[in-house]
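Chemist: Please put together the full structure from these sequences, using the hints given.
For the sequence shown, our numbering gives the first residue as 116, with consecutive numbering after it.
Wrong hints could be hidden among the right ones.
Unchecked claim - Straight-line Cα separation of at most 20 Å, SDA-like style, residue types lysine to any residue; simulated pairs:
(1) Lys118 x Ala181
(2) Lys359 x Tyr251
(3) Lys359 x Lys118
(4) Lys359 x Leu395
(5) Lys117 x Val186
(6) Lys359 x Ala207
(7) Lys359 x Ser383
(8) Lys118 x Trp176
(9) Lys118 x Thr182
(10) Lys117 x Phe183
(11) Lys359 x Trp336
(12) Lys359 x His209
(13) Lys359 x Gln391
Worth flagging that the hints you see were computed from the coordinates, not collected in a lab.
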Amino acid sequence: MKKYFLLYAKGIAMGAADVVPGVSGGTIAFISGIYDELLRSISSVPEALMLLLRGRIKDAWQAANATFLLVLLSGIVTSILSLARLITYLLAHHPVPVWSFFFGLILVSVYLVGRDIGRWNWSRGLSFLLGLAFAYWITVAAPIQWGSDPLTLFCAGAIAICAMILPGISGSFILLLLGLYATVLGAVKNLDLAVLAVFAAGCLVGLLSFARLLSWMLSHWRDLTLSFLTGLMLGSLNKVWPWKETISWRIDSKGEQVPLLQHNLLPSQFVEISGQDSQLLLAIFLAFTGIFVVLALDWLARRKPQVAG
116 MKKYFLLYAK GIAMGAADVV PGVSGGTIAF ISGIYDELLR SISSVPEALM
166 LLLRGRIKDA WQAANATFLL VLLSGIVTSI LSLARLITYL LAHHPVPVWS
216 FFFGLILVSV YLVGRDIGRW NWSRGLSFLL GLAFAYWITV AAPIQWGSDP
266 LTLFCAGAIA ICAMILPGIS GSFILLLLGL YATVLGAVKN LDLAVLAVFA
316 AGCLVGLLSF ARLLSWMLSH WRDLTLSFLT GLMLGSLNKV WPWKETISWR
366 IDSKGEQVPL LQHNLLPSQF VEISGQDSQL LLAIFLAFTG IFVVLALDWL
416 ARRKPQVAG
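Modeler: Take a look at the structure:
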């Protein structure tokens with residue numbers, strides 16, 4: 116039971132990360148050593164469904180690694196239901212400490228992912244730079260306004276779920292950039308089943324197809340893929356920098372103003388512009404706490420065997 120409890124705990128960590136705009140549960144999956152197995156399991160779901168339709172229930176369960184997926188999903192759902200309100204409150208009232216923790220977490224994750232690259236050369240370097248540029252562009256991109264017709268919602272779901280399993284990119288932040296965050300949240304709040312069904316269908320198609328693509332790339336071009344993911348995570352640090360100045364706002368599902376576009380500041384600039392304490396010592400402490408947590412997860416991942424279905 117210990118290995119399943121550890122997997123459940125990793126699911127809780129993934130769910131907590133997904134609640135924070137700009138932080139991806141895929142980052143937690145990578146640094147906790149379950150990323151490859153997660154992608155393989157998700158990409159095997161279509162094959163498992165075919166076996167299930169033939170009445171081969173046991174084979175379908177094993178093909179999809181269903182025990183692994185269910186335990187992990189249970190942790191994610193538990194975390195979202197129990198921690199979402201707390202993390203949202205902390206982000207609203209204590210943003211500097213929270214962002215500092217996630218900054219340290221992602222910073223050390225860049226090193227851990229890059230460490231697994233077997234050999235660096237020009238192609239790996241180019242892949243790293245592409246990932247870095249792509250992530251940075253996403254963090255500074257101005258929002259656009261997609262429509263809310265069924266095809267657009269389907270495509271938005273596919274794109275957002277792909278971002279969610281990529282280390283360093285948040286699916287919720289992608290929805291913000293597409294101008295559909297309020298639409299999807301409103302559908303959840305009002306139980307608009309028509310909108311949710313189309314969006315969920317896009318998520319399902321995007322998840323199954325993109326997981327298979329990523330799994331294939333990690334199997335055939337692992338170093339190139341890891342180089343890109345390393346750059347992706349490093350570029351995403353721009354989003355989680357603790358000291359920010361809000362440039363524009365958006366209205367959330369409760370009708371309240373929340374930050375949309377923000378500009379990074381040095382701690383001294385933050386004090387001058389906001390008149391608030393930079394909390395520098397606390398920020399440094401929590402950044403190192405994030406680093407310690409990731410190193411502990413890495414140690415556990417290397418010490419424990421992978422969970423099998």
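Chemist: Run every hint past the structure and note whether it holds.
Modeler: Hint check:
{"no.": "1", "hint": "Lys118 x Ala181", "result": "holds (15 Å)"}
{"no.": "2", "hint": "Lys359 x Tyr251", "result": "holds (16 Å)"}
{"no.": "3", "hint": "Lys359 x Lys118", "result": "violated (40 Å)"}
{"no.": "4", "hint": "Lys359 x Leu395", "result": "holds (13 Å)"}
{"no.": "5", "hint": "Lys117 x Val186", "result": "holds (12 Å)"}
{"no.": "6", "hint": "Lys359 x Ala207", "result": "holds (13 Å)"}
{"no.": "7", "hint": "Lys359 x Ser383", "result": "holds (11 Å)"}
{"no.": "8", "hint": "Lys118 x Trp176", "result": "holds (19 Å)"}
{"no.": "9", "hint": "Lys118 x Thr182", "result": "holds (12 Å)"}
{"no.": "10", "hint": "Lys117 x Phe183", "result": "holds (13 Å)"}
{"no.": "11", "hint": "Lys359 x Trp336", "result": "violated (37 Å)"}
{"no.": "12", "hint": "Lys359 x His209", "result": "holds (13 Å)"}
{"no.": "13", "hint": "Lys359 x Gln391", "result": "holds (12 Å)"}
When the structure is compared with the earlier hints, violations turn up for hints 3 and 11 and for no others.
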